[in-house]
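**Q** Since the structure of chain H is provided, determine the placement of chains S and R on it from the hints.
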Amino acid sequence: MGLREFVFKRLIDGAILFFMTVTLNFFLFRVMPGDPTAFLIENPKFTAETRKALLKLFGLDKPLWEQYLIYIKNSFTFNFGISFQYLAPVRDLIFSVRLLNTLALMIPATLLATILGVIVGTVAAWRRGSKFDSTSTFVSLVFYSTPVYWIGLLVMLVFAYYLGILPFRGSITPGIKYENVFQFAADYLWHLTGPLLTLTLVNFGGYLLIMRSNLLDVFSQDYIVAARAKGLSERTILFSYGMRNAILPIVTLTGLNMAFSISGAVLTETVFSWYGMGRLIYEAVNQRDYPLLEGIFFLLALMVIIANIITDIIYAYLDPRIKY
Amino acid sequence: MNKESVRIKKIKLFGDRVLEFARIYYRNKYGLAGLIILTFFIFLALFAPFIAPYTPSDTFLAEPFSPPSSKFLLGTDELGRDIFSLLIYGTWTSMTVGVLASLLTVIIGTFVGIYAGYYGGIVQSILMRLTDFFLILPALPLMIVLAAILGPSIWNIIFVISIVSWPVTARVIMSQTLSVKESSYVEASKALGAGDTYIIFRHILPNVTPLIFAYVILNIAGAILAEAGLSFLGLGDPSHISWGMMLYYADQFGALVAGIWWYILPPGLAISLLVLSFMMIGYALDEIINPRIRRR
Amino acid sequence: MSILEVNNLRVYYDTMRGEVKAVDGVSFKLEKGEIFSIVGESGCGKTTTSNTIMRILPPEAVIKSGSITFDGINLLEIPEKEMKKIRWKRIAMVFQNAMNALNPVKNVGSQIVDAITTHLNIPEAEAWRKVKELFELVGLDPSRLKDYPHEFSGGMRQRVFIAMALSCDPEILIADEPTTGLDVIVQRNILNLLRDLRKKLGLSIILITHDLAAVAQVSDKIAIMYAGKIVEYGNIYDIFTRPRHPYTYLLIKSFPKIGSKKERLVTIKGSPPSLINPPKGCRFHPRCPYAIEKCRIEEPPLVNINNKGLVACHLYDQLNLVI
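Residue numbers (the numbering used here), protein chains in the order written: chain H, 27 to 350; chain S, 518 to 813; chain R, 54 to 376.
No wet-lab data here; the hints were simulated from the structure. As the structure is a computational prediction, the values presented were derived from the model and not from experiment. We put the beta carbon where it would ideally sit given N, CA and C, even for glycine. Check each hint, because a few of them may be wrong.
Derived BS3-like pairs (lysine-lysine); straight-line CA-CA distance at most 30 Å [unchecked claim]: (1) H:Lys157 - R:Lys322; (2) S:Lys707 - H:Lys157; (3) R:Lys333 - S:Lys526; (4) R:Lys137 - H:Lys157; (5) S:Lys527 - R:Lys322; (6) R:Lys138 - R:Lys183; (7) R:Lys306 - R:Lys361; (8) R:Lys333 - S:Lys529; (9) S:Lys529 - R:Lys322; (10) R:Lys322 - S:Lys698; (11) H:Lys35 - R:Lys199; (12) R:Lys142 - R:Lys159; (13) R:Lys322 - S:Lys526; (14) S:Lys707 - R:Lys322; (15) H:Lys35 - R:Lys159; (16) H:Lys157 - R:Lys199; (17) S:Lys527 - R:Lys333; (18) R:Lys137 - R:Lys199.
From the structure, some residues in chain R lie toward chain H, with a derived Cβ separation under 10 Å [to be verified]: (19) Ile109; (20) Ile126; (21) Met136; (22) Ala145; (23) Met146; (24) Met152; (25) Thr233; (26) Glu346.
Only chain H is shown next, with the shape it has when bound in the complex (with noise of 0.2 Å):
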């Protein structure tokens, strides 16, 4: 089998996976106990006429069956009623500059982890039982047992409250007129500084652990004691034997880790006001946006989906063993 029906796999795959949420999402809203009506559309802000057609757009009247069907076909188009909170469709909502902005915070915060892990861990492993192994295998421990909102209010006490070198929340600075695409862009990377750190600090810990333990397992092959054997360099068996086997598990797992990235980010968000998806579920939550917070989990379940497809497809090209 070649790479084009691998990826085909994968994308077969990743359909089942998508009706697979479908059918969760469904399951969540209309079947568990409770008034679906109540969940969706009995909300006081909303017009007779809007509740009518809303009705109509669920099929809410008709039976389950009938209804999972529209249901599926509403998710195609991301069709998930209107927001209570926001009185607009849920679609406009999720489909906005929030989501630029949470790729904006999770996308680099992702790549600087998986460096900053593979790196360090790289050496950790290198220097097994060293100093700055036993240290960094620590830090990586304490990372991740700290509550990553907690890491982010640290970083406004330390960084705004104290040291007043970076702003307390938000995305922007409220009511300010950009003179031109610089300052824009100095503004919002100013405000994108402290949740990026946080996300990097908190992701950072797991890679390197799994990066020395990868590394470490790759050192105790044979092919390892029989490129020593072999007389190479050092740096020769460190990366052209060593890394170049252990790196490749990372790349499978990036993908896996979106799902654990997400969830940082929701919480990253929340702690600094950062006007992205994160942010939006929380607010759903508190106003009991039920409509709002079915399309966000929707967006981000398909995201984690999207991203684990596309890894698999790296690594089956990077991998020469993979056998599709």
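**A** Showing chains S and R alone in chain H's frame:
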């Protein structure tokens, strides 16, 4: 040899193994430190009413946000409650939710894992798909959705955490079950006409028990973090004070902008330490169970 | 003159459970151009012996005593820098399982080139040419130079590894279980290849195996190891026709011989002893059907029998072990 002496010998053998385990564990820095911190927190949780100077319902409304003093060791919150006392009472919530959620998680995971691994076939493929699906889903958003639908109560939180966290355990237990199932003694046992129940209880379960034990410990760490996270997002049970909830209130009532560090630092530090203690114990157990990385 | 001489080698592993006496007083000589086999069950210290010669022991291993003399140099005393000039350049090694010993994410040709460019001062293009020659030498298709290890069959992977071992024209080749896990015909082909290479290149070979039958056809001399010690040592003919040690005898009896009809195969009862607390006296006595009281108490010395070999058994001149 008579029955009695066989039993004594068995007990002795078991005792030797426990002793050896304790000996190896004792040499592990992480394991020892984790155990000490954990013991400290268990002590706090059990004897909270005797240690804490006030209760969570003692409000000194005239003294909100007062800084640490001899009267209030760690100051007061927005309602004038003693933060030190809240912290001690919060230990119980974190501990209970963590332990119960982890137990439930591992029970679900073990059940699914053994069932899928042992029976194989279509059951296995369906359960595998389901496991992978839950593994891939963003955990916190799913917990948020479930908690928001079910409403705030400590039991709902335990349920929500377990229903989202079981796949990791299921995965591990399933692969272990598969390898035990294919071992020659299970094959032999089957050939001798042993039933499924017998094989599961006699061969499979004893083999996955160490894993179950390790995963209960590791899952507690995750469950405590999850409870704190949900509480921080305002989804906690208001009738049980917890550390995450304290941070939620601190954030809501502007402790940060006012620089009220004594409200922000202690709860986070407590979560961190308790989770760290479980992580360190888990790390140590992993080193013992996993001979590959055992220190020479 | 012997090319390699191992003298009273003791290598212990320091583990959490205690000291594992993996190699406990091993001596032998490898003559130039000879194929010398070390035979024993897994865990008897064969691989530790070969890894000590290469000086690629894991850090928990401690060399307690002994010397390994190669070309007048004691390999255990020279600094790592000097050892690097000998390892692979003059003494090379074929690993137990070529699948695990080849880097899975690098094509086989470049792995051999890595070895060549490290030791020989030649440009990379020339190294590739050499790899091509090596492939032909070991009977591999040179067009597969850039294939990955998993694309080869077990026997071919072993050939790849042999090519890699020969890449710097070594004087000694150590082959650690080169045929384990291969089917019988492939095993024979690999062993024949080693024999041919010895002739063609004038190699001296140390063959390490648990399979006495397999090496019988290619070896000149054999050492039988049990629980970290050599129990019998001699040339192949003598050992096969007149074993002196019960362990050797049982080993020979435990594999079927072609041509002999319906002979009952013997199995050796029990399992190899713990090397942390080896049995007192003769280490084989708990499993030995001929053991007497003396075997339990006193360790038998390795004695010379009429210059026909060495044996470590109290009963060597009393037992009549007939094949």
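**Q** Run every hint past the structure and note whether it holds.
**A** Hint-by-hint comparison with the structure:
| no. | hint | in the structure |
| --- | --- | --- |
| 1 | H:Lys157 - R:Lys322 | 49 Å, violated |
| 2 | S:Lys707 - H:Lys157 | 52 Å, violated |
| 3 | R:Lys333 - S:Lys526 | 25 Å, holds |
| 4 | R:Lys137 - H:Lys157 | 28 Å, holds |
| 5 | S:Lys527 - R:Lys322 | 25 Å, holds |
| 6 | R:Lys138 - R:Lys183 | 20 Å, holds |
| 7 | R:Lys306 - R:Lys361 | 21 Å, holds |
| 8 | R:Lys333 - S:Lys529 | 25 Å, holds |
| 9 | S:Lys529 - R:Lys322 | 27 Å, holds |
| 10 | R:Lys322 - S:Lys698 | 28 Å, holds |
| 11 | H:Lys35 - R:Lys199 | 28 Å, holds |
| 12 | R:Lys142 - R:Lys159 | 22 Å, holds |
| 13 | R:Lys322 - S:Lys526 | 25 Å, holds |
| 14 | S:Lys707 - R:Lys322 | 27 Å, holds |
| 15 | H:Lys35 - R:Lys159 | 26 Å, holds |
| 16 | H:Lys157 - R:Lys199 | 41 Å, violated |
| 17 | S:Lys527 - R:Lys333 | 27 Å, holds |
| 18 | R:Lys137 - R:Lys199 | 27 Å, holds |
| 19 | Ile109 | 5 Å, holds |
| 20 | Ile126 | 16 Å, violated |
| 21 | Met136 | 9 Å, holds |
| 22 | Ala145 | 8 Å, holds |
| 23 | Met146 | 5 Å, holds |
| 24 | Met152 | 9 Å, holds |
| 25 | Thr233 | 13 Å, violated |
| 26 | Glu346 | 44 Å, violated |
Comparing the model with each numbered hint stated earlier shows that hints 1, 2, 16, 20, 25 and 26 do not hold.
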